[in-house]
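Going by the numbering used here, the residue at position 418 of the sequence shown is 418; the numbering climbs one at a time, nothing skipped.
Please note that a few of the clues may not be correct.
[Stated by the list, open to error] Simulated restraints on C-beta separations:
id, residue 1, residue 2, range
1, Asn395, Tyr366, 44 to 54 Å
2, Glu131, Leu408, 27 to 37 Å
3, Leu61, Glu130, 44 to 54 Å
4, Ser107, Tyr366, 20 to 30 Å
5, Asp351, Gly132, 26 to 36 Å
6, Ser294, His82, 17 to 27 Å
7, Asn297, Val53, 51 to 61 Å
8, Gly132, Ile375, 13 to 23 Å
9, Ser107, Leu61, 22 to 32 Å
10, Ser65, Glu131, 10 to 20 Å
Hint data in this document are derived by calculation from the structure and do not stem from the laboratory.
All residues carry an ideal CB built from backbone N, CA and C; glycine is no exception.
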Amino acid sequence: IKSNNNNGLELNILEKNGYIELPQTYIYTADFKSIYKLFLPIILVLLLIVLVVKVLKPINLKPISISGVTLALLIVCIFTPHPVFNIALIILAVFNLKNISWKAIKSNTVNLVFLAFFIVYLLNNLLVSEEGFSEMSTIDRFLPIVILALILPSISIRKYLYLFPIAAFFLGFGFLITSIFDVFIHQNFVFLSFDFFTKYLHPVYFSYLIFLSICFVNLEFKGRDKYILEFVLLLFLIFSGSKMVFVFSLFVIVFNLFSNKKTAFIILPLAVIVILFSPLKQRFNEILKKEDLSVLNETFIENQFDARINGLTLRLILWRETLASMNGRDYIIGKGVSKNTNAVLSKRLVDLGLLEHKSFNPHNQYVDTFWKTGIIGLFFLICIPIFGLIRGIKNKDWLLLQFSLFLLVVMCSESIFGRVNGIYFFTTTMLLLMNSEKINEDSYFRDQRNTQ
1 IKSNNNNGLE LNILEKNGYI ELPQTYIYTA DFKSIYKLFL PIILVLLLIV LVVKVLKPIN
61 LKPISISGVT LALLIVCIFT PHPVFNIALI ILAVFNLKNI SWKAIKSNTV NLVFLAFFIV
121 YLLNNLLVSE EGFSEMSTID RFLPIVILAL ILPSISIRKY LYLFPIAAFF LGFGFLITSI
181 FDVFIHQNFV FLSFDFFTKY LHPVYFSYLI FLSICFVNLE FKGRDKYILE FVLLLFLIFS
241 GSKMVFVFSL FVIVFNLFSN KKTAFIILPL AVIVILFSPL KQRFNEILKK EDLSVLNETF
301 IENQFDARIN GLTLRLILWR ETLASMNGRD YIIGKGVSKN TNAVLSKRLV DLGLLEHKSF
361 NPHNQYVDTF WKTGIIGLFF LICIPIFGLI RGIKNKDWLL LQFSLFLLVV MCSESIFGRV
421 NGIYFFTTTM LLLMNSEKIN EDSYFRDQRN TQ
């Protein structure tokens, strides 16, 4: 360590990934000269929090029951750090074992589809995967599917979905406040975008929560309250940086333009923010460069940080290499769901020169399921959103219809079951929607004073 003449330190790190722990904290007076830049946005966020809390309506969860409390606990814990959501699931299972009803399960086909989907993965792990019983990490990750499919059909109540928007606002404001501190400390607005914004949680999964919250608010709130809540949720979505979810959410809101022109109150300021907010703008720009597609013709990519490798081209490469590894019986029963199958894709990516991406999954749930479990697993996967669409259209259940369509599309760009948060979220939401009736027009979520 060498001191310099500018009241600072010069660090020379001689080893790769080296670090040093300083015996004392160094605080520079220059850090406090622009402290107002921190307080001003914090005050604005606090005012926004007060406004949102005022707009949100209290939810009537009566009558209070053990099943209701445990279900509420699970919903609010889905996007919390590990292992909180697992503890919540255990509590749900322990206190609701007596509520399991085969009659309730078989009354809705999608419950059986979820169970069949899990069984396909289980049998594939035991009979197809090379490691067999010795490597069950995928089954451990998928275990919530069977637990939820057995319990939720008997205790599903639609109004508990209101807890998802509550969780979205709580997490969103928490991420925003901590990110403002990061921006102030590092003097870089990149800390308001993507994984810098969502900290411990993958930004794509937080975007899924935001989308469901927008759909719920769009249907269950009216007038000014709806516009305020949707505006804040879309701000969180912009910071999360998920392109597909952002566009999908805009479709939901823009569709409302046909019945209410006041939606422009949201669209216009958001359009300005998207234009000015460079991290999100850059993520859209990078997928529009047709010349980047030339990287697909490379047999070996010399530079693993090639600028042509972006969200779109990387996915196309992942899908191509995944499907290219299949042959013969793989198309029927898959290559297996264990780590050895993941190693096959990893080797192909390394041989292609993509060392930085060797641990990536296919980033497409259809491709991922087909690759690992063949056409059998793919069939049950597709049935989940299809049954949701059919029921949504039949019952004019717009929330179920929107979420099923979203699920059908989003699986094209992400392996949504690749992380346990995705398994919890999509399984819980679909089972709640499919095993409960839509909220009545006189819903207590709505502001009866303003229905314009």
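Results for each hint:
{"no.": "1", "hint": "Asn395 - Tyr366: 44 to 54 Å", "in the structure": "violated (26 Å)"}
{"no.": "2", "hint": "Glu131 - Leu408: 27 to 37 Å", "in the structure": "holds (32 Å)"}
{"no.": "3", "hint": "Leu61 - Glu130: 44 to 54 Å", "in the structure": "holds (48 Å)"}
{"no.": "4", "hint": "Ser107 - Tyr366: 20 to 30 Å", "in the structure": "holds (28 Å)"}
{"no.": "5", "hint": "Asp351 - Gly132: 26 to 36 Å", "in the structure": "holds (27 Å)"}
{"no.": "6", "hint": "Ser294 - His82: 17 to 27 Å", "in the structure": "violated (40 Å)"}
{"no.": "7", "hint": "Asn297 - Val53: 51 to 61 Å", "in the structure": "holds (54 Å)"}
{"no.": "8", "hint": "Gly132 - Ile375: 13 to 23 Å", "in the structure": "holds (22 Å)"}
{"no.": "9", "hint": "Ser107 - Leu61: 22 to 32 Å", "in the structure": "holds (24 Å)"}
{"no.": "10", "hint": "Ser65 - Glu131: 10 to 20 Å", "in the structure": "violated (43 Å)"}
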